[in-house]
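*Asks:* Residue-level listing of the chains:
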Amino acid sequence: MSSVNAPVAQAPPILHLSSVVGSPLRDADGERLGTAEDVIVRLGGAGYPPITGFLVNVAGRTSYLGVDRVSDIGADGVVLRKAKLDLRRFERRPDEVLLRRDVLDRQLINVEGARLVRANEIELAHLGGSWRVVGVDTGPRGGLRRLLPKRLGSRIATGEFLDWAGVEPFVGHVPTVRLRVPHPKLAKLHPAQIADLVEAASRREGEEIIQAVGDDDRELEADVFEELDDHHQREFLEDRTDAEIAEIVSRMAPDDAADIVGELDEERREPVLALLPVSHRVKVRALLGYDPAEAGGLMSPDFLLLGPTTPAADALQAARRSTIAPELLTVVFVASPDGALQGAVPVTALLRAEPAQRLEALVKHEIPCLSPDASFEEVARLMADYNLTAIPVADEHERMVGVVTVDDVLEAMLPRGWRRRFGLLGED
Amino acid sequence: MRRLRSVTFGRPRLPARLSSRRARIFVFLGLLGPGLIAANAGNDAGGVATYASAGAKYGYDLLWTIVLITVSLAIVQMLAARMGTVTGKGLAELIREEYGIRWSVLATSAVLVANLGICISDFVGIGAALGLAGVPAQVTVPIAALGIWMIIVRGSYRSAERIFVWFTIPFFAYPIAAVLAHPRWGDVGKAVVAPHLHASSSYLLILIATAGTTITPYMQLYLQSAVVERGVREEERGREEREAISGAVFANLVAAFIIIATGATLFVHGVHSISSAGDAARALKPFAGQYAEALFGIGLLGASLLAAAILPIATAYVVSESLGYEKGIGRRREEAPVFVNLITGMIAIGAFVAIIPGVPVISLLVAVQVVNGLLLPINLYFIWRLARSPQLMGEHRSRGLLDVATGVTAAVLSALSLALVVVTAAGL
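Protein sequence lines, in the order shown, are assigned to chains X and E. Residue numbers for the first sequence follow our numbering, so the first one is 142 and each next one is one higher. Residue numbers for the second sequence follow our numbering, so the first one is 5 and each next one is one higher.
Isolated chain X, as found in the complex (with noise of 0.2 Å):
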């Protein structure tokens, strides 16, 4: 975890927002104008964000002050350069948010931890010259500070924070604008983490999230939609388009995109199927013709069969050129010249035999074949027992269609709320 130590010798002084918050505003005399009510500062760019202004309060108004008019943010409060006050009306201008408003004790994404966090207090310092959010603390102390006495609380010293660099703000509820921050330290996350925060979040954070990802990364998004559990699979494609639903589905392996069509309302279906590239579509229509719960319905249509003559570097060869994703190619499986299933061979006992060596000498026989109706209590049952990571599934005539790896097994095995667990563990 990114947490900053305070007090470090080199580090500038750590200023609370809520120190600056009520705060007084004085000008270059010392003499009190007003009160400072919340701090503006830009999102998006790289690094910390720099303060942008303030929203102050002089004689009962609130109005805008530029940052550039201010010399000095301190325990005595916001200092203005010049004699005279300069004051606007506050408009939001892009990629602003108000520190107070819109950020403090709302959620953010703790992105290290992979978990959602609460901004109890936000740490500022003076950094290459200008004013900026340099961290969030979630612990306790900034929350005391903040309830005790002005005067007591000020003498809570700085605790461990989360430093920005690892946290991204929910921008979404920010009114008037609506904000399009964009979130590039999400892409650093795993699609199952960020999945994970989608469903720890309220609907609206999560769509936000879901947004932020898609916006700069659609292969991504495919991924978490993958990793969502149905409910909110369906809880965020009922509002896209079919269109839109297509081009995630497209993005998905064949099996988790039947999942995700078998989702969608019934009339929806043949309309989103519509959209997708032909070799993709066949087989998902395929898929979805099979129960979810048997073997068919676990199965992805992806795999290598190849005829029991060849030889071994030729096999090695097929899985190089192969797009299978990884996890299904852990077997390659053989078949008769007739098309029947006869075997399968790890692609570890490929790179182990002769280069010459054929299949059928490599073969191993004594592997189970399921059928496509098969329970899904058996298919896990034969994977354990024969110690698998991918079964075969066969029809009628010994012609193979498709295989279950071990991973579509342990998610349908896994209690219900097991899977949210995942990744919001991280210690505080």
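It is worth saying that the hints were derived from the structure and are not from the lab. Glycine residues also receive a C-beta, built at the ideal position from the N, C-alpha and C atoms. There may be inaccurate statements among the hints.
Okay, derived cross-link-like pairs now, DMTMM-like style, lysine to aspartate or glutamate, Cα gap no bigger than 25 Å in a straight line [said to hold, decoys possible]: (1) X:Lys329 / X:Asp383; (2) X:Lys291 / X:Glu388; (3) X:Lys329 / X:Asp358; (4) X:Lys329 / E:Glu339; (5) X:Lys326 / X:Asp236; (6) X:Lys225 / X:Asp170; (7) X:Lys326 / X:Asp383; (8) X:Lys326 / E:Asp283; (9) X:Lys223 / X:Glu301; (10) X:Lys291 / E:Glu102; (11) X:Lys225 / X:Glu172; (12) X:Lys329 / E:Glu102.
On the chain E side, residues computed to face chain X include the following (Cβ under 7 Å) [stated by the list, open to error]: (13) Val109; (14) Lys194; (15) Gly235; (16) Lys289; (17) Gly328.
Let chain X serve as the given structure and place chain E on it in line with the hints.
*Replies:* Same frame as chain X, but now just chain E:
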């Protein structure tokens, strides 16, 4: 070398597959969901004692207030369900985000104190109910506490909710008890329609107590958090609101039957004062036979078990939401330490205090009433303000008549609550 294309065959997926099966279960559980649970937890030991006193002292004269209280409770519960669905956040979370840490901590501490008190009284109620069957509380209360703890901490949210729904079955004992008591239904009907006012302080006191025990802050807090935990989608909002309303109506029907049962027996026979729910059950015996006593005991047991389970959950949610800790029923202690420890602590303290012989339950309940009376106005004010906020609720914000009705409800109940605080504190 060749690759086998997938082919379409096998058992087709059921047209609407899992979703229809799931949908049917949802509809069933939707009728019996968090709304029912939240509102009916109010018919707990304290509630039964209050309604029974009302019936014993004034016969059916307070029935008309139950009608008004039902409307108020239905409005407030519906808004809590609505806010949970639309924002995806708990009430404590919204208060924190919109009104800052001080308000949320104030409300949270009040919830903590008030709920702990009610929790103790409910374990006392469990002991009293089973005490009617001759089993000492020192035996029954620890067993009940352990059982409740297991359901909450070891189960998932859904399984817990399903068990809680069963706890409301004993409520049907009250209508039967009321019928066994042979009330004059004509008088009952008249009392429901026509307000009977008595110009006495004790009448006013019991009226306020009835309102206070029927509309308790934890009901809204629990309901909204439960709706969020359920992950209710926006399209299911209508059903969730209807469920909240029907739960409120059912809860108050039960309250009305308790008043009728005691009004037809105790009041008619001149037994005007009872001090606890167990007393009420015992007092019924000479007039309506031992079945009435048993039925009253069963109802009391169900309600007390339900409330003793709901209160720790509601409290843990509120504290976790407002302070930003991990939360969720079924989470293990390592995952959500604060949440789980709060539940464990509340159950342990509640059960422990309840089995200490000679615990001054009445004075404890009085103190709890005061804290609750202070908390309710805060709660209602926030519900009213948050539910009408366009920024938060968008098109679902309360408008027109609903908004006015909520405002009036909040104002009247707040006035009643504060009156109760003053009266109790003055020791009248």
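*Asks:* Failing hints, ascending?
*Replies:* 1, 2, 7, 8, 9, 12, 14 and 16
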